[in-house]
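Residues 1 to 142 in this note's numbering are what the sequence shown spells out, letter by letter.
For the record, the hints were derived by calculation from the structure and aren't laboratory data.
Fair warning: there could be bad hints in the mix.
Straight-line distance between alpha carbons at most 16 Å, and here's what the computed EDC-like set of lysine to aspartate or glutamate pairs gives [stated by the list, open to error]: (1) K133 - E8; (2) K51 - E69; (3) K65 - E23; (4) K51 - E83.
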Amino acid sequence: MEITKKAEYAINALVELAISPDEFISSKEIATRQHIPPNFLPQIIATLGTKGWVEGVRGPGGGVKLIAEPEDISVREVVELIEGPVAITRCLAHGGNCVKEGNCPLHGIWYKAQEAFLNVLSNTSIADVVAAKQALENKTEQ
1 MEITKKAEYA INALVELAIS PDEFISSKEI ATRQHIPPNF LPQIIATLGT
51 KGWVEGVRGP GGGVKLIAEP EDISVREVVE LIEGPVAITR CLAHGGNCVK
101 EGNCPLHGIW YKAQEAFLNV LSNTSIADVV AAKQALENKT EQ
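Given only the sequences and the hints, what does the whole structure look like? Please build it.
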């Protein structure tokens, strides 16, 4: 299982918006600052808007603004919004309906690995990613 670039772009867009709370930022500026291909951004922003995380204003002085608290948005929520349910193997996808369940020595291992993975994503907020980004920037400035 691999998290797609589109999910990474969505997380990075939210990080950029969280860095500048209460400001409308143009999609072009978000794309430039976060190295996101501009053609991906409108669809990503629209999808983030369906959760009530962002709002957009058209025209001069418009742009996109984060309206949810970054602490309240988990990385898991963003990934699942963009990609659907996260599963590290097919047997755990879509509710874990595995034809070998009960007879597969790997099922328990995959289940534990998935739980650990989802736990990290669930317990990491956009605010945490912002803090990590700022720590890296401070480290490179020294």
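Could you check the structure against the hints above and give me the numbers of any it violates, in ascending order? none
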